[in-house]
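There are 4 protein chains.
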Amino acid sequence: MKIKIAIFGGSGYGGSELLRILLLHPNAEIRFVTANEHAGKAVSEVHRNLLGLTDLRFSKAPEDFESLADLDCVFLALPHGQAMDIAPRVPANVKVIDLSGDFRLRDASAFARHYGREHTAMNAQSQFIYGLTETNREVIRPARWVANPGCFATATLLGLAPLVANNSLSCRVIVDAKTGSSGSGAKPAANTHHPQRSNSFYAYKPFAHQHVPEIEQELKSIGDWTNELVFMTHSLPVARGIFASIYTETKHEIGVDDARAMFADFYRDSFFVRLVDGSPDINWVKTTNFCDIGFAARGRQLVVFTALDNLVKGAAGQAVQNMNLMFDLDEKTGLMLTGNNP
Amino acid sequence: MKIKIAIFGGSGYGGSELLRILLLHPNAEIRFVTANEHAGKAVSEVHRNLLGLTDLRFSKAPEDFESLADLDCVFLALPHGQAMDIAPRVPANVKVIDLSGDFRLRDASAFARHYGREHTAMNAQSQFIYGLTETNREVIRPARWVANPGCFATATLLGLAPLVANNSLSCRVIVDAKTGSSGSGAKPAANTHHPQRSNSFYAYKPFAHQHVPEIEQELKSIGDWTNELVFMTHSLPVARGIFASIYTETKHEIGVDDARAMFADFYRDSFFVRLVDGSPDINWVKTTNFCDIGFAARGRQLVVFTALDNLVKGAAGQAVQNMNLMFDLDEKTGLMLTGNNP
Amino acid sequence: MKIKIAIFGGSGYGGSELLRILLLHPNAEIRFVTANEHAGKAVSEVHRNLLGLTDLRFSKAPEDFESLADLDCVFLALPHGQAMDIAPRVPANVKVIDLSGDFRLRDASAFARHYGREHTAMNAQSQFIYGLTETNREVIRPARWVANPGCFATATLLGLAPLVANNSLSCRVIVDAKTGSSGSGAKPAANTHHPQRSNSFYAYKPFAHQHVPEIEQELKSIGDWTNELVFMTHSLPVARGIFASIYTETKHEIGVDDARAMFADFYRDSFFVRLVDGSPDINWVKTTNFCDIGFAARGRQLVVFTALDNLVKGAAGQAVQNMNLMFDLDEKTGLMLTGNNP
Amino acid sequence: MKIKIAIFGGSGYGGSELLRILLLHPNAEIRFVTANEHAGKAVSEVHRNLLGLTDLRFSKAPEDFESLADLDCVFLALPHGQAMDIAPRVPANVKVIDLSGDFRLRDASAFARHYGREHTAMNAQSQFIYGLTETNREVIRPARWVANPGCFATATLLGLAPLVANNSLSCRVIVDAKTGSSGSGAKPAANTHHPQRSNSFYAYKPFAHQHVPEIEQELKSIGDWTNELVFMTHSLPVARGIFASIYTETKHEIGVDDARAMFADFYRDSFFVRLVDGSPDINWVKTTNFCDIGFAARGRQLVVFTALDNLVKGAAGQAVQNMNLMFDLDEKTGLMLTGNNP
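If you read the protein sequences in the order shown, they are chains A, B, C and D.
Residue numbering for the first sequence follows our numbering, starting at 70 and increasing by one per position.
Residue numbering for the second sequence follows our numbering, starting at 70 and increasing by one per position.
Residue numbering for the third sequence follows our numbering, starting at 70 and increasing by one per position.
Residue numbering for the fourth sequence follows our numbering, starting at 70 and increasing by one per position.
Calculated from the structure, these hints are not laboratory results.
Check each hint, because a few of them may be wrong.
Identical copies look the same in the list; a pair holds intra-copy or inter-copy alike.
Distance condition first, Cα-Cα at most 30 Å in a straight line; then the derived DSS-like pairs of lysine-lysine [said to hold, decoys possible]: (1) K256 x K289; (2) K110 x K256; (3) K401 x K71; (4) K320 x K289; (5) K274 x K71; (6) K274 x K110; (7) K320 x K129; (8) K289 x K129; (9) K73 x K289; (10) K73 x K256.
Start from the sequences, fold in the hints, and give me the full structure.
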């Protein structure tokens, strides 16, 4: 079986990684990939890693959406604000996986506050399933529309879900999160200018990152979340990777072994969550769909560390994982992306 | 006036930075610098940045310490555990500044626990002044023996001192600290192997870093510290720099402006503490003696960010700052190390 | 069909990449992998990227080589000097692919000079085929013993082979080659110490790199090579990648288009050689088996640029490419390692 | 004595480094620094390394140039093409040091070809002295107008000057030059986008770099240069540093010791040229005004390696070195910028 696929927004890093994965996916057939500014160009001229692997060319986004009806699945990898125009126009028989923030939030005012624009398709939003595969697998399978989680949200939610589901937390939770420069996208900007970024580490968007409402919304659906969340994002001088240090206080003392057992149970069917000894390291998950999780504990202080690749488990990889579920495939299909050492 | 100086342990990064600074210090005269494994070699053969700037050669550590009596000041930049043998033998007229952890802790059992060896010179320890210049300036001036603070301790204490002095904190304090690879020293090791380290970020020594007791000891001397400290160290893929994200909860709401005012007052005589808008960045302090501090706040959550160079303000620079005080010089002498952009 | 495989030396970077590739190779079955210092440990404890992907454990090298007779193929990924003890003892029915320099040179004195030891198995050497797949495909297919090329040699030979085969060169050829830090192996050393290496670029082993005799030997087998070769190796501050700038003077003026046509013809059956516009970039070949080649020309000056991943096309990838040929598989099998952007 | 200085173009990296150096220069007084897009902003808001070190604010470029008559020296650190409008309008009593390419070339057609614009001030150009300090010291001292060399030109000329002056070269010379990302300036662009640049190495502008005519022009003034120059530029994944591997063929065999002696003699009065054993390394010259030079030789093949910081000896440092000469100061004044290890 081949899933007939279109990718909207193929020139950014999300699109780049969708292409890398789907080109070798045994059940995927990419019908077209759009990039308005590169229309007509070979995909491999923009993503030079793909030279020799595809003859695809970028096209403009279609004007007539009825022609999409012979597709099976559309990925939207567009800047925030564009998917809400496009998704509602996709024919009903075609599944949609949106990698942007457009359809993640059920609260229109939170969306407006964090994304700086009014939401124009809240009706459609209400039919979207939040695509954190490991917690929402059963509702993703039959979904027609999936809102793929943000990268920081994935790293944070996977680190907190078992604790919230087990109602283990008291007090505020502090998430000190760090991301590589590819998280800022493929377009050059002051904060990704190599001479500066290569020796930098700094905090940004204190308390205000747009993934915060998404995290809080989902924690409430996982369990009885009423804690305060302090969420801080920082910039790492590497291309890829997210690392979250999650500081919790548990109601009762939970040692590292107990924590590990709780997580092992919660993620028993989750191939892409790996529990590690000590700390995870972004080095071991780069370019893969894995989220590595480790622990440290002292008394009621439990620290959970998560590491993932922001563009794979934090974006394109999880999107394909969701596609696999939505088309009744093994969720690992096409995602055995072995990381490398070094 | 020239201060006649000896450096014990000149081949490591602490010694390297002492040499860089002292060679251009207008009041310093380096009489000798030891490095047993390099004895006889030109300093500039090991620290090739110094080629053309000095004809000094490394010597073996002297056997006869009485000959040191014609010195004014000895810097000890040796691996932990060696200074406690040496310091007590230095003639009484010679001041000692120790960059290791040997004389920082007043609690012998804490020392044994964190440094993995028994302390053999606790009598001497009791005469050491803790050399965090900004909080201890008045006792450092007349000191004969100074224990120079650890790099993480400096970053943490400078970020917490005004809040503790003003008795502003409630609840636990969480310090998420990150350091560059030079913090591990000049000797190659698995955790500083370039192919791996250059794409890594991970946590290490959870709760257990040897700077923790030093931080708690000093916080207690600065104010009424009874809070819980959660201290977590991480490894950054850069050569230099420490960044600490310090999560506090204040007794009363303190906004960013209030925090800034409090810190400005506390550090009004402290040239090397710079208060910045938003987040500091290790990029702007690298190779300098500055500690940059910034803030974020929401309700009673106050986050203090500190950034410094682990080898300068976190080691050799602060040591020279202390020497300046101990010899009645302006504390900035020889320390106008302008960072560079980029 | 499954090829039954043993890997000798699985803890280094060559072994690491062999494991990454062979674990997902549809026709490979790894029977055992040795690493004396890690015997008993899980492979995924050393190569933490492989966690969740294999239950293999490292074993000691076997004492009794007769037991190897039920294997099909042995990879030797050992430090130079060990394969010459092992290869001759492998049962005659088992194919051997050696990734070290032990069996590449037909001249025992050149071996002694460059590897600092006498060769003890020159009889065996004479039966080894040099495994530069693109030039030696037809003799590799039936080979029993293959000496896999060095990484610099691969980058240089692929850039020169068409020109030498077409007898196009006059005058000396200068190769300015640069390599990432993984080329120095998995063992920490002064030249791969992160604080220094991360801001370094320098030349090493001028004229004397051990890949030089291998390059000259093979150029002579490809064509009528009598030119002088000036070969210079440099260290890059990245983990992976080799880039060679090859300066030639051609007998007659050859423009970029002519050069490209000549190379396209020479490599018409070579999937893993990609001809690019302008310069290649190590960024586009990292973690893949591709060698990207580009050109610049002015008059009779023709510069060939080659870029490859030193651990893949320069080591483990080419070794598997050779295995594929030796076992009558498509040479791309298991080697569709898509690079990523970024 | 204080030299009254204005800097035109203070927001780029050239201006940034001029500020870093001149702020601590004992004989410099910066009267104003322009940056049209930042006019009114504190200098330390743009160059955050300078926070606490200056209260200067950026101003707009003055309209009335007569007011400049009370200055002693003007530095032009503007994009190519702007200095030729400004320099001729500077009052006759004020010395001018231009860091751009506007006044380096005596051949207007070469300028037009390499800089893509017609030269509009060739009269002024003829009065400019080329500011390669080490070769032109005697004509720089009395100069009113100095054209500061390009970074690649400095690295190449310092490596070739003694050989050309001694008429030692036969055959073509090949310069394989590599530069850090700051060479592309302070403005974000695709080739300095961190996610890509941090793992890149590639060649650019083959044969065509704008420093080539400048190099050839000066070689002819140093000696009897008639050789062919093959000049190739490459991009390094570091912020700072230029490394040139210069491949020459000498008329007679010159060993490393002879070469070193020849260079030592030629540079006997040149503090900022350091001759090193083996290869230099950009790591040892970063942030300093040194150019380190090393050698390798085999027969008549002599390879000269040069390393310098593109923004210091390759730009702002050399400009200040020239200013020192032009104002009768020791050329080292304000330039004792000790590099650091690591």
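Against the structure, the hints:
Proximity of K256 to K289 under the C-alpha cut-off of 30 Å is found in neither arrangement, the shortest distances being 35 Å within a copy and 44 Å between copies. Within a single copy, K110 and K256 get their C-alpha atoms as close as 18 Å, and across copies as close as 26 Å, so both meet the 30 Å cut-off. For the identical chains of this complex, K401 and K71 are neighbours both inside a copy (16 Å) and across copies (22 Å), given an alpha-carbon limit of 30 Å. For a Cα distance limit of 30 Å, the shortest separation of K320 from K289 qualifies both inside one copy, at 18 Å, and across copies, at 28 Å.
In this homomeric assembly, K274 and K71 never come within 30 Å of each other (Cα to Cα): the closest approach is 42 Å inside a single copy and 44 Å across copies. With identical chains, the CA atoms of K274 and K110 are at most 30 Å apart between copies only, with a shortest distance of 23 Å across copies and 36 Å within one. Taking the shortest alpha-carbon separations for K320 and K129, neither the intra-copy value of 54 Å nor the inter-copy value of 47 Å comes in at or below 30 Å. Taking the closest pair of Cα atoms, K289 and K129 never come within 30 Å of each other, the shortest separation being 40 Å inside a single copy and 52 Å across copies.
In this homomeric assembly, K73 and K289 never come within 30 Å of each other (Cα to Cα): the closest approach is 35 Å inside a single copy and 51 Å across copies. In this assembly of identical chains, K73 and K256 lie within 30 Å of each other by CA distance solely inside one copy; the values are 29 Å within and 42 Å between copies.
Violated hints, listed in ascending order, are 1, 5, 7, 8, 9; each of the other numbered hints is respected by the structure.
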